[in-house]
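A.B. asks: With these hints in hand, go ahead and build the complete structure from the sequences.
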Amino acid sequence: MPKFDFDVITMGHGSGGLLTHRLLQSGVFDVLKNDMLDQQHDGASFELNGRTAFSTDSYVISPIFFPGGNIGELAVNGTVNDLAMCGASPKYLSLAFIIEEGFTMEAFWEILVGIKSAVNKSGVMIVTGDTKVVEKGKGDQIFINTSGIGVIHPKAKIHHNHIQAGDQIILSGNLAQHGIAIMSKRQGLEFETDIVSDSTNLNHTITSLIDALGDKVKFLRDPTRGGLASVLNELAEMRKLGFVIDQNKIPLDEQVEGACEMLGLDPLYVANEGLFVAIVDKEAAAQAIELLHKDENGTNAAIIGEVTETHPGKVMMKSRIGGHRVVGYLTGEQLPRIC
Amino acid sequence: MKFLSEYRDPELVKEYVEELHRITTKPWTLMEICGGQTHSLVKNGILDMLPEKITMVHGPGCPVCVTSVSVIDEAVFLAEQPNTILCSFGDMLRVPGSKKSLLEAKAEGADIRILYSPLEAVELAKQNPDKHVVFFAVGFETTAPANALSVIHAAQQKVTNYSILASHVLVPPAMEAILSDDANLIDGFLAAGHVCTIMGMEEYYPVAEKYKIPIIVTGFEPVDLLQGILMAVKQLENNEYKVENQYVRSVLREGNRMAQDTIHKVFEVSDRVWRGIGAIPQSGYEVNDAYKQYNARFRFAIDIPFAEENKECISGDIMKGLKKPRQCPNFGIKCKPEHPLGAPMVSSEGACAAYYHYSFNAMEENIAV
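Line order of the protein sequences matches chains A and B.
Heads up: take any position in the first sequence, counting from 1, add 30, and you land on this note's numbering.
Heads up: take any position in the second sequence, counting from 1, add 81, and you land on this note's numbering.
Calculated from the structure, these hints are not laboratory results.
Quantities reported herein were computed from a predicted structural model and do not represent experimental measurements.
Hints are not guaranteed to be accurate.
In silico lysine to aspartate or glutamate, EDC-like type, Cα no more than 16 Å apart, as pairs [claimed, not checked]:
| id | chain 1 | residue 1 | chain 2 | residue 2 |
| --- | --- | --- | --- | --- |
| 1 | A | LYS215 | B | GLU201 |
| 2 | B | LYS315 | B | GLU96 |
| 3 | A | LYS348 | B | ASP129 |
| 4 | B | LYS404 | B | ASP262 |
| 5 | A | LYS348 | B | ASP262 |
| 6 | A | LYS270 | A | GLU336 |
C.D. replies: Written out as structure tokens, the structure is:
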């Protein structure tokens, strides 16, 4: 960690004056160094070839440090993954901080290091940004917004309109890891586990999937907030098709399952980060699984269900014991139960 | 997952379902007491596996559902007092009061915290000596020991800025209220396994005898529930009415004596108004005189008018087993989880919520309306 003038972020660090300049010079610019950021201009200018995807997301997570990552990594991976779900290779990112007065430099530095490591892993470049400081009590430590631009794979044809009955629903790994890792550290809910967030970049995984299967990959989505259930419900509603999943086939870590049981949460609604749902042509599904199993982000990938003509507009789940139930939207937040 | 997967074994489920089909000759209506059981039945698709002659109706064992509007109003009142932190189990936050829910009060700035255990609330009181911390102590006999223990801990540690708003309810008086209703159709009960883990089975023998009704203390997993139903149907087909224990891995006949002693140290039995059902004598717990300093009703001058229940909500009929959620004209139309008319639509143990979220038939019929 470089030497900063202050131990904590002050209002002056967001003033646009000398303190801002020093923070950016010895902090942000130095860590995230690249040709475009070095220009230190009001915006970044660059050329892009081909169809382009554009996405934005704000990160307000609490706690900001959690098992398996921090808000900085999350802010990069989240937007990188949103672009990847469009079938795009992420190229450029903007990075904006809203920091609460009094936030420690040490924590800020740790977040920057997280950002740096996520940037390196995904291969995306941070080319522009912003830093604002708000008075104590007007924020919650630190909020981050990232927006990103990516170039869409020439073979990609990702659109929900391409989904049809018979397509297979693939989940790339274990469900609910991220949400439960966060909850295990949230104030008042601390419990002992080894569960770590699955936060990671998925862009390389998606590129190799589209390289091999092209338009047989019909739809991609990372089931972040709202979880798997929300993604499938949105699709069912838009396509007026049924989405039938099998509870026995959904990959779920035993500890995560235990934590969900204890907390009264349904893993179908818990947030994920380094996970995606792919709707794939029936003929290509086996090949997709084979590919994913060789990828570090897909070792537990599984076909969890099928798109059907029956039950249009609904998500159905075959329960462990062979019964059936509807999987609806989540209403509000999942709240812990009484007993 | 060990200790759970055994009770979700598809083969065992199949075996019990087949036996039920084989032995059921007459129509029987069974009530599962606990909302956790209701959700397990619906979520696992068990209702569709049962013989047509067996009707399951869903009992009052959802603490969130039976907490009266006035008590929610009391909690909102306390949460809105200056320098006060109201702590609650998460379930209670969405339940509508006469003017607002706790979630709405929180959005307006009240300091409301979701906790898993009342003991955390005592810790919170210690960390915030300049504030008063109230724990919203709802629940059946199951949560009463932990809530009582929080009061004992606070007293032992001389934490004076802590109190509880007790709204405990008791199962046996509710069962009697349901059975003595003229419209009652229930032939047998699945008693709530967790309540009996604490209280044991003794209270149920006189009920079974008086109303000549089988009572099976039952767990919550698919295999538990099917075995419980099977035990009840066997009794009914043989014209028997006994108290039996399906949930032997958790329930002793005498219950958990230490937990009972903790309850009795802090609480006394009191009358209680149940949402949708009305006042039931001697059906709740209130903090006793010895610990009145820890009773939020004693510590605060709670000044709120008595609130009427929403008449459009038929939760009383549902929790007495007289109606099923989909028989409510407002189900899924005027009453949805995002705009509930009553608590059963929002509680994670509420019967209406179970049908709304998980039951295929309920949704189909609703769309047809």
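A.B. asks: Take the hints in turn and mark each one as holding or not.
C.D. replies: Cross-check of the supplied hints:
1. A:LYS215 / B:GLU201: holds (15 Å)
2. B:LYS315 / B:GLU96: holds (15 Å)
3. A:LYS348 / B:ASP129: holds (12 Å)
4. B:LYS404 / B:ASP262: Within the cut-off at roughly 14 Å; holds.
5. A:LYS348 / B:ASP262: Given that 16 Å is the threshold and the Cα spacing comes to 38 Å, the pair is violated.
6. A:LYS270 / A:GLU336: Measuring from Cα to Cα gives roughly 14 Å; hence the hint holds.
Hint 5 alone, counting from the list given before, is not met by this structure.
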